[in-house]
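J.: Each chain, letter by letter, is given below.
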Amino acid sequence: MADSRQEFRPGSEEDFERLYRLAYNRVLVTLVGVLGDLAAAEDCLQDAFESAYRGWPKWRGDAPAEAWLHRIAINEAISYQRYSRLREVGKVIARIGRPVPPPDPGTIAERHDLFDALRKLPARQAAAIVLRYHHGYTNREIATALGIPEPTVASRLVAARARLRLVLGDDHLRRGHVEMVTLAEDRVPSD
Amino acid sequence: MIDWRDFEGQIKRELKGVLGPIELGSIPAWRAPARGRGARTALGVKAVTGLAVVALAGAGATAAGAAALTGSTNPSDWGQQAAACRQSLRASGMNGFTSCLQSGGGARQTRTHTATQSPTAHSGGQGDRDTRPTPSPFIAPPVGPTVGGPPLISPGPGPGTSH
Chain A
1 MADSRQEFRP GSEEDFERLY RLAYNRVLVT LVGVLGDLAA AEDCLQDAFE SAYRGWPKWR
61 GDAPAEAWLH RIAINEAISY QRYSRLREVG KVIARIGRPV PPPDPGTIAE RHDLFDALRK
121 LPARQAAAIV LRYHHGYTNR EIATALGIPE PTVASRLVAA RARLRLVLGD DHLRRGHVEM
181 VTLAEDRVPS D
Chain H
1 MIDWRDFEGQ IKRELKGVLG PIELGSIPAW RAPARGRGAR TALGVKAVTG LAVVALAGAG
61 ATAAGAAALT GSTNPSDWGQ QAAACRQSLR ASGMNGFTSC LQSGGGARQT RTHTATQSPT
121 AHSGGQGDRD TRPTPSPFIA PPVGPTVGGP PLISPGPGPG TSH
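Residue numbers (the numbering used here), protein chains in the order written: chain A, 1 to 191; chain H, 1 to 163.
It should be emphasised that the hints constitute simulated quantities derived from the structure, not laboratory data. Each residue gets a CB set at the ideal place from its N, CA and C atoms; glycine is no exception. Possibly wrong hints are sitting among the right ones.
Just a few of them, taken from the derived set where beta-carbon distance is under 8 Å, the chain A residues facing chain H [stated by the list, open to error]: (1) Tyr83; (2) Val130; (3) Tyr133.
Here are the in silico distance ranges between beta carbons for each label pair [stated by the list, open to error]: (4) H:Ala83 to A:Glu13: 33 to 43 Å; (5) H:Asp6 to A:Gly55: 39 to 49 Å; (6) A:Arg140 to H:Arg5: 23 to 33 Å; (7) H:Arg86 to A:Lys58: 57 to 67 Å; (8) A:Leu166 to H:Ile27: 32 to 42 Å; (9) H:Ala29 to A:Ser155: 38 to 48 Å; (10) A:Ser155 to H:Trp30: 15 to 25 Å; (11) H:Asn74 to A:Ala39: 47 to 57 Å; (12) A:Glu7 to H:Ile27: 10 to 20 Å; (13) A:Lys120 to H:Gly9: 44 to 54 Å; (14) A:Val158 to H:Arg13: 17 to 27 Å; (15) H:Ala29 to A:Ala39: 35 to 45 Å.
The shape of chain A in the complex, shown without the other chains:
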């Protein structure tokens, strides 16, 4: 983690700027993992930093500042996601009966199976995965960042991994099924 709690003084403008510089990209990456969209992540992060700035004088320092910042940012991302889903529902309703445009070939070329699967997880599970496997957070830090009790973190991570396997496994099972069928057809005698 980029900070230890002794390094930052609540309410200090100078320290907040330092926290901003230290944590910006790390929190941004977490939000990209949760939202799967860089522009949306940047917007949420901006809002999160504004909220954090307002709450900075009241920051108690009982948890690492970056984890505290993560918590604010993840909450922003969750709110954003809810709003986006509502907007998507509106779009779907408006689109009913019209043909769905084909997906952009460029997007397909850049696809990452696991990263796409991450986006299908609930926001807090996706965040837990990024915090653990990308940032190397401890359970305690993840607990602070997600606003959940520390013992819950481990089970949350297990659930997230299981869900990832399920999402990825579905795709691979389907592909595997196609391969099996193709192999079986090849082996059928042609008499």
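Since chain A is already given, all that's left is putting chain H on it; use the hints.
T.: Structure of chain H alone, referenced to chain A:
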């Protein structure tokens, strides 16, 4: 292809591949937002705006009323006419301020008329004008019904003429 035996390692590698370049990106400069921003401030701003709108509407209504009464859109005329009416009513010991305002042109005409009649009245008119903070040229009022009865402005010297 997912390596199921090293799933956690696979997650790390995938995240590093996708998120790593983003983490190395440039950081925009921090610009501290103004203190006190937020929902409460927004509500406060809305309340202040609402009050301002109400006040403006009230002022607009008052101005419209004054314009209708005096027959002029120039605010300095409203003050002039009101002051003249007040003086004339005080001098004659009569009521009817609104009627006096409505016939503001008449009052002025009376004063103008009397000014041509006697130098005393003229000096009185000058005295009136001296007491007014913002003298402005006479603007002919719209033609309207004339109020009957005794003259509203007495031809005698006004309070401004006393030395």
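J.: Run every hint past the structure and note whether it holds.
T.: Hint by hint, here is what the structure shows:
1. Tyr83: Check failed: Cβ of A:Tyr83 comes no nearer than 16 Å to chain H, outside 8 Å.
2. Val130: Nearest chain H Cβ about 6 Å off; hint holds.
3. Tyr133: holds (5 Å)
4. H:Ala83 to A:Glu13: 33 to 43 Å: Given a distance of about 57 Å, which is not inside 33 to 43 Å, the answer is violated.
5. H:Asp6 to A:Gly55: 39 to 49 Å: Once the Cβ atoms are compared, 40 Å apart, the range 39 to 49 Å for A:Gly55 and H:Asp6 holds.
6. A:Arg140 to H:Arg5: 23 to 33 Å: holds (29 Å)
7. H:Arg86 to A:Lys58: 57 to 67 Å: holds (60 Å)
8. A:Leu166 to H:Ile27: 32 to 42 Å: For A:Leu166 and H:Ile27 the Cβ distance comes to about 36 Å; the hint holds.
9. H:Ala29 to A:Ser155: 38 to 48 Å: holds (41 Å)
10. A:Ser155 to H:Trp30: 15 to 25 Å: Once the Cβ atoms are compared, 37 Å apart, the range 15 to 25 Å for H:Trp30 and A:Ser155 is violated.
11. H:Asn74 to A:Ala39: 47 to 57 Å: With Cβ atoms ~56 Å apart, the hint holds.
12. A:Glu7 to H:Ile27: 10 to 20 Å: Given a distance of about 18 Å, which is inside 10 to 20 Å, the answer is holds.
13. A:Lys120 to H:Gly9: 44 to 54 Å: violated (21 Å)
14. A:Val158 to H:Arg13: 17 to 27 Å: Because 20 Å falls inside the window, the suggested range holds.
15. H:Ala29 to A:Ala39: 35 to 45 Å: violated (19 Å)
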